[in-house]
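Following the hints, put chain B in place on chain A, whose structure we already have.
Each protein sequence line maps, in turn, to chains A and B.
Number 118 in this note's numbering belongs to position 118 of the first sequence; there are no gaps in the numbering.
Number 136 in this note's numbering belongs to position 136 of the second sequence; there are no gaps in the numbering.
One thing to keep in mind: the hints can contain errors.
Across the chosen pairs, the derived CB separations fall in these ranges [as the list claims (entries may be wrong)]:
1. A:Lys-230 <-> B:Asp-182: 31 to 41 Å
2. B:Pro-286 <-> A:Pro-133: 53 to 63 Å
3. B:Val-77 <-> A:Leu-160: 23 to 33 Å
4. A:Lys-244 <-> B:His-184: 13 to 23 Å
5. B:Thr-47 <-> A:Gly-265: 33 to 43 Å
Far from chain B by the CB rule (all over 10 Å, computed), these chain A residues [what the hints assert, rightly or not]:
6. Ala-28
7. Pro-44
8. Trp-49
9. Thr-76
10. Ser-86
11. Glu-107
12. Gln-152
13. Arg-175
14. Thr-183
15. Ala-250
In short, the hints are calculated from the structure, not lab data.
Since the structure is predicted, the reported quantities are computational estimates derived from the model, not experimental observations.
Just so it is clear, CB atoms sit at the ideal spot from N, CA and C, and this is done for glycine as well.
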Amino acid sequence: MNYLKSILAVIFTAIAILSAGPGNTADAGIYAVQIPGAGPIMDPTAEFWNKTPGFQVQMLPQTVTTPANPNPATKTLIVRAVYNGSWVGIRVEWEDPTQSDRIVVDEFGDQVAVEFPVEYKPDELPSPMMGNPGRRVNIWQWRAAFQRDIEQGEPGVRDLYPNTMVDVYPDEVLRVTDARAYTGALGVDNLVSHPHGSPVLEQIAEGFGTLTALPEDQDTNGRGFWRDGKWHVVFTHPLAPFSKNSAQFAAGGETVAAFAVWEGGQREVGARKAWSNWVPFRLSK
Amino acid sequence: MAKVYNWQIGREMDYPYEEARPAKQFAMVMDTNKCIACQTCTVACKTTWTPGRGQEYMFWNNVETKPYGYYPLGWDVNILSRHGVQDLTHFPYQGKTLFDAAPQGERVMGYLPADLDYAHPNVGEDDSLGNMTQGAFLNMPHMQWMYYLPRICNHCTYPACLAACPRQSIYKRKEDGIVLLDQHRCRGYRECVKGCPYKKSFFNPITRVSEKCIGCYPAVENNRQTQCTITCIGKIRLQGFITTPDKAREDNPLDYLVHIAKIAKPLYPQFGLEPNVYYIPPVHVPPQYLYQMFGWGVEEAIATYRKAADDKKLLGTLLLFGATPEITHHYKIAGDTVFAYDEKGAEIVRVPLKEPIHVRKAYDETREVYRTNIT
Numbered sequence: 001m002n003y004l005k006s007i008l009a010v011i012f013t014a015i016a017i018l019s020a021g022p023g024n025t026a027d028a029g030i031y032a033v034q035i036p037g038a039g040p041i042m043d044p045t046a047e048f049w050n051k052t053p054g055f056q057v058q059m060l061p062q063t064v065t066t067p068a069n070p071n072p073a074t075k076t077l078i079v080r081a082v083y084n085g086s087w088v089g090i091r092v093e094w095e096d097p098t099q100s101d102r103i104v105v106d107e108f109g110d111q112v113a114v115e116f117p118v119e120y121k122p123d124e125l126p127s128p129m130m131g132n133p134g135r136r137v138n139i140w141q142w143r144a145a146f147q148r149d150i151e152q153g154e155p156g157v158r159d160l161y162p163n164t165m166v167d168v169y170p171d172e173v174l175r176v177t178d179a180r181a182y183t184g185a186l187g188v189d190n191l192v193s194h195p196h197g198s199p200v201l202e203q204i205a206e207g208f209g210t211l212t213a214l215p216e217d218q219d220t221n222g223r224g225f226w227r228d229g230k231w232h233v234v235f236t237h238p239l240a241p242f243s244k245n246s247a248q249f250a251a252g253g254e255t256v257a258a259f260a261v262w263e264g265g266q267r268e269v270g271a272r273k274a275w276s277n278w279v280p281f282r283l284s285k
Numbered sequence: 001m002a003k004v005y006n007w008q009i010g011r012e013m014d015y016p017y018e019e020a021r022p023a024k025q026f027a028m029v030m031d032t033n034k035c036i037a038c039q040t041c042t043v044a045c046k047t048t049w050t051p052g053r054g055q056e057y058m059f060w061n062n063v064e065t066k067p068y069g070y071y072p073l074g075w076d077v078n079i080l081s082r083h084g085v086q087d088l089t090h091f092p093y094q095g096k097t098l099f100d101a102a103p104q105g106e107r108v109m110g111y112l113p114a115d116l117d118y119a120h121p122n123v124g125e126d127d128s129l130g131n132m133t134q135g136a137f138l139n140m141p142h143m144q145w146m147y148y149l150p151r152i153c154n155h156c157t158y159p160a161c162l163a164a165c166p167r168q169s170i171y172k173r174k175e176d177g178i179v180l181l182d183q184h185r186c187r188g189y190r191e192c193v194k195g196c197p198y199k200k201s202f203f204n205p206i207t208r209v210s211e212k213c214i215g216c217y218p219a220v221e222n223n224r225q226t227q228c229t230i231t232c233i234g235k236i237r238l239q240g241f242i243t244t245p246d247k248a249r250e251d252n253p254l255d256y257l258v259h260i261a262k263i264a265k266p267l268y269p270q271f272g273l274e275p276n277v278y279y280i281p282p283v284h285v286p287p288q289y290l291y292q293m294f295g296w297g298v299e300e301a302i303a304t305y306r307k308a309a310d311d312k313k314l315l316g317t318l319l320l321f322g323a324t325p326e327i328t329h330h331y332k333i334a335g336d337t338v339f340a341y342d343e344k345g346a347e348i349v350r351v352p353l354k355e356p357i358h359v360r361k362a363y364d365e366t367r368e369v370y371r372t373n374i375t
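Chain A with its partners taken away, still in its complex shape (with noise of 0.2 Å):
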């Protein structure tokens, strides 16, 4: 049944990608237009993203895979891409009336992901959710909590609960290696519990429950802001990471670029998200 579901929504996507609003014609997807530089793309308010046409991705509710969520607050996204000499830069826009990015057991952040295949093969793409066993997907993450964290630090427990009172933490009374085993997933490095540098988590994924962040891999970088109802945010990598689970891009490439949001002021978080479908992705010659 769910299988059924997620066939006739690939459909009903790929129908809405064709006839989709304004400037957005039968094959055009996404069109990453050059610009002078090299370096990474940061700044999701510079000049030259006016001058670059906005493509609208339809998005769709997670009902394939358990948990589900058939009714997602997000029902597009407009996306923007350009490249210099060296980085890409993809900057997205949606509508959230809320900005959420304190994280306690009841409050979920906000997130937004572009996916694409590992290896483009036009023949054999990855499925768009999350790919399949032997044909990878990059995935790029970027968080409002982790954005939040770089501007303005990692919160404490102080600053997530005021009139916390706590005698002593370990890590005050004994050594660094001894404290370590009260650190819980910090202490393990896992790569979910603050940002390395960067708002955006690189990862990779065959498949639902997949989903890997290897700290090798982190070479995506990215900035976003809410503003008036809005999220802006842009990622940028480069167009040829030494990884071998990135995606690689070159001018006049060609590729295919999915989406996923999540609201966290509607507690979406994992599975409980909106996703797209594959759209084209080319770059300018």
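Showing chain B alone in chain A's frame:
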């Protein structure tokens, strides 16, 4: 969904994974009649495992005052009201498990507690069921009643936390059935916090992933009972391993209490998780309440428990509680003594069924003093 057998409800049920019972199953029996809520277990657990940053609010072990004390607030009434009234009159169980009751698109019926639900552990403990009428005096069973319910993770045979995790970050150990949450694999989705009806999976807001009771596995691996068990001053706990009823061994104290004497009962068996912490029900509480909480056979359990003083085997088994920090794998009663043995058959403790009484004369002739009885 696979079909698995759950002996606590006496029937097959749906579960997302195939039945895969561990070589040994971690289990605990707690005697609610002896618990005084001193919270020594809570503090022992807290100082051993959760003194770190982000764990301030976490109690992997807690003791709550029933019926109105909770941690987190309203955990059992919240899931019970979502679960709805279930038919507990027949055995095998005719009602729905939490897996049967899962809404479309979900793996298990659950709810995510609010952050503030953890803020006041056991608030409501002193709320009474009603006013005492003028001239009331104590009668049995009590008109007014309460009791203490100590709780840890149930290391369920069919954990809902494990079922709910879309990443298989939670696993049940083959060697001892302890359910663990991989701190490296977890991404903090909180599906386990939502899915566990006992609310024994916790979100750490500093590490941004979830954590849970680890069954003191480093101790258990060394044949030692958990911290909450060995520090219990009321000697209300016995931790060891349990087998399924068809393989019950009379010389395993947990098998004896649960499967043979049938005086220890699982917590909310109707949820369908086959939890492995078993409770000797409080003797003075109305049976309807106990029936909902501990399932079939609570009245028989209480009747058997009340006669423990006349039943050498049962008395001997109960005397193993708090008698040794080591895990008892075998035991026997010989004469007026109960003997406990480890896995290899070496004796670890012996306890007399009756404590010897020494009567001292009030006047000590050798020292020419009177001794007053000050204990």
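Going through the hints against the structure:
One distance hint, 31 to 41 Å for the beta-carbon pair A:Lys-230 and B:Asp-182, holds here, with the actual separation near 37 Å. Remark: the range hint 53 to 63 Å for B:Pro-286 to A:Pro-133 is upheld by a beta-carbon distance near 56 Å. Checking the proposed 23 to 33 Å range against B:Val-77 and A:Leu-160 shows it holds: the Cβ atoms sit about 28 Å from each other. Taking the beta carbon of each, A:Lys-244 and B:His-184 are about 22 Å apart, inside 13 to 23 Å as hinted.
Between B:Thr-47 and A:Gly-265, the C-beta spacing of about 37 Å keeps the proposed range 33 to 43 Å intact. Every C-beta of chain B lies more than 10 Å from that of A:Ala-28, the closest at about 33 Å, which supports listing it as non-interface. No beta-carbon of chain B is positioned within 10 Å of the beta-carbon of A:Pro-44; the least distance is around 24 Å. Residue placement check: A:Trp-49 keeps its beta carbon more than 10 Å from all beta carbons of chain B (closest about 31 Å).
Chain B leaves A:Thr-76 outside its interface by the beta-carbon criterion, the shortest separation being 23 Å against a cut-off of 10 Å. In this structure A:Ser-86 is separated from chain B by more than 10 Å, as the shortest Cβ-Cβ distance comes to about 31 Å. At the 10 Å boundary, the C-beta of A:Glu-107 falls inside the reach of chain B, the nearest C-beta of that chain being 7 Å off. With a cut of 10 Å on Cβ distances, A:Gln-152 stays outside the contact zone with chain B, its closest approach being about 15 Å.
Non-interface status of A:Arg-175 relative to chain B is upheld: no Cβ of that chain comes within 10 Å, the nearest being about 15 Å off. Not every CB of chain B lies more than 10 Å from the CB of A:Thr-183, the least distance being 6 Å, so the non-interface label is violated. Every CB of chain B lies more than 10 Å from the CB of A:Ala-250, the least distance being 32 Å, so the non-interface label holds.
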